[in-house]
Amino acid sequence: MNSTVVGSYPKIPDPPAPGRWRAGVEKLQRGDITPEEMRGIEDEVTAEVLAEMAVAGVDVVTDGQIRWEDGQTYFARGLGGFTIHSLQRYFDTNVYYRQPVATGEIVWRGPISVAAYEFASAHSPRPVKPVVTGPLTLALLSRDEFYGNLDQFVMALAAGLNQELKALAAAGAKLIQVDEPGLLTHRDRLPLFQRAMGVLWEGVSATRALYTYFGHVDGLYPAILDTPVDIIGLDFVAGARNWEVLRRARFTKQLGLGILDARNTKMETRDAVAKACRRAAEIVSPSHLHVGPSAGLEFLPRRVARQKLEVLAAGVRQAREEAA
Amino acid sequence: MTAQPLLTTTVGSFPKPPYLLEARRKLARKQLEQEELEALERRATEEWIRRQEEIGMDILVDGEMYRGDMVAYFADQMDGFAIAGMVRSYGNRYYPKPAVVRPVGRRAPVTVGWWKFAQGLTPRPVKGMLTGPYTIAEWSFNEHYPTRRELVLDLARAIHDEAVDLERAGARYIQIDEPAIHTRPDEDFDLAVEAMEIVTRGLRAYTITHVCYGDVPRIYPAMLRLAVNQIDLALKNDDFALLETFRSPRFTKDIGLGVLDAHSHRVETADEVVEGIRRTLKVIPLEQVYVTPDCGLKTRTVEETVGKLTSMAEGTRRMREELSR
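If you read the sequences in order, they're chains G and D. Mapping of the first sequence onto my numbering: position 310 corresponds to residue 310, and the numbering continues sequentially without gaps. Mapping of the second sequence onto my numbering: position 248 corresponds to residue 1248, and the numbering continues sequentially without gaps.
Careful, some of the hints might be misleading.
What the hints assert, rightly or not - Here's a subset of chain D near chain G, in silico, CB distances under 10 Å, partners left out: (1) A1082; (2) A1084; (3) V1087; (4) Y1094; (5) K1097; (6) T1147; (7) A1180; (8) Y1213; (9) N1237; (10) D1239; (11) E1275; (12) T1301.
Worth flagging that the hints you see were computed from the coordinates, not collected in a lab. Computed from a predicted structure; not experimentally measured. Backbone N, C-alpha and C fix where the C-beta goes; we use that ideal spot for every residue, glycine too.
The task is simple: from the sequences and hints, build the whole structure.
Take a look at the structure:
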């Protein structure tokens, strides 16, 4: 049993501490600093966030996605075939992203996230898992002006991102996470999704994690277990129904237990986390349990995100001790 | 409401002049007293009232010189909220997101003092400007209420009391902004409708709700159930594409027709405004149309704002003349 995060982390500290990342973007837009200097600021903030997650006691971390404008743009602007357009609401959140528009054939031109992964690995006290936005979600949140049908668009993205996953594995990533919240808003696309997953993970030698969030998998379960991945991450906050859904068939994967509310400042307790771990241990073996927040933590102010991770780590430690 | 068609108004916020931005920074650094800031806010408000009169706007706003964020402004003055911290909305835009930690309610009127001040400066009507319950709830963390529904309905009762106080003070136009109303329409648009019924219940004032961006076709025609006289919408930024949606079923409310892109630096021409209104009149009857910018103009400069509104007033005047011939 270990503690982990799902992805993003707040980029700026709570006021009055200065938000270097935010100030950096303003300076970059005014032309007061160079893109290289901005990368330097992102490096510093990433190292700070990695240290903060380690101090909180999280076992497996991400780089906090400090360099991501959002989950779509970060990959779409690295791939060939996309241009980036107007602001769209990100699912049912008050977060907006710039919508990628596919205007040509999707091609992988070279590593997008590998240098960031290598930097994070070199600067993290804890193991780092890279995160990649999955082909279905990327397609659903984009606009297609080239392929003309979702199947071809998704499969092209899967083939392109397959190269990215291979590059991450070659750079030393032992565990790679692919995020597919879009599956929960387009449940009827499960067959397409599973074909895409086959292409996406082809020849990738790493532990394969698939994360969904913002809802439950009722209607997708147990069919989702046929997806070629090792870990399935589920949201047990927005998708509290998952507790009941998972009882309907034996859970044959490792479980990402998203139990701390990443979208509300209300603080969980260590006991509640430990209790959820015990409950999940009835579904999978404790050694197959990866406990974390329900989604990326950038929906929260920094202080609250850090506190949630402290509660998470303490709850997981308590559950481990109880099990021992 | 009136013999004159195509009344002009604005969505609420105007840019703060440089001297006021500087004063706000000084206040944050404790180099300025609150009363000194308020004096400058009154000065800036009066400047905007005069500009609107000079441009020839029919229904005025106070420009919100004293507001920062549209939700935090209410949260700061109401019971039940704590400011949780800064949260990113996109790019490097952050907003102070409040957390509901106790039952919400009003301690005292929130907007009435500023409304009275602004209305005292002009014989033309000044709109009362409120943020709607659904949006306040959606843009806050909820640490207290077991369900969002309970939070939204408590907020609706508080905002209703505020609307009643505005009306008693003399407000003839009351706007309740709901930019978050289409966040999860499949799940709880009925709740947004129920909340608006509570807010406007028994009011005699002309009521408006402003809904911006997001997927408006997804809440059409359901949004026609909102208990307001007028729905104010952004048309210009998508080149009036929404008119296709409003062909069928028919748009049964008055419309606040956004004819200026609030997020573009370009100053539209009067011809563009005429063209926008003309296209609209093929879909929505004249007596239902009010002319406005797409959204609050606070992110524009003072010059851009004056330029845009001047074109809007000029285009509207030409359209009225054309129609009266």
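Here's how the hints hold up against the structure:
{"no.": "1", "hint": "A1082", "verdict": "holds (9 Å)"}
{"no.": "2", "hint": "A1084", "verdict": "holds (5 Å)"}
{"no.": "3", "hint": "V1087", "verdict": "holds (6 Å)"}
{"no.": "4", "hint": "Y1094", "verdict": "holds (7 Å)"}
{"no.": "5", "hint": "K1097", "verdict": "holds (7 Å)"}
{"no.": "6", "hint": "T1147", "verdict": "violated (13 Å)"}
{"no.": "7", "hint": "A1180", "verdict": "holds (7 Å)"}
{"no.": "8", "hint": "Y1213", "verdict": "holds (8 Å)"}
{"no.": "9", "hint": "N1237", "verdict": "holds (9 Å)"}
{"no.": "10", "hint": "D1239", "verdict": "violated (13 Å)"}
{"no.": "11", "hint": "E1275", "verdict": "violated (22 Å)"}
{"no.": "12", "hint": "T1301", "verdict": "violated (16 Å)"}
Consistency with the previously given hints fails for numbers 6, 10, 11 and 12, ordered from lowest to highest.
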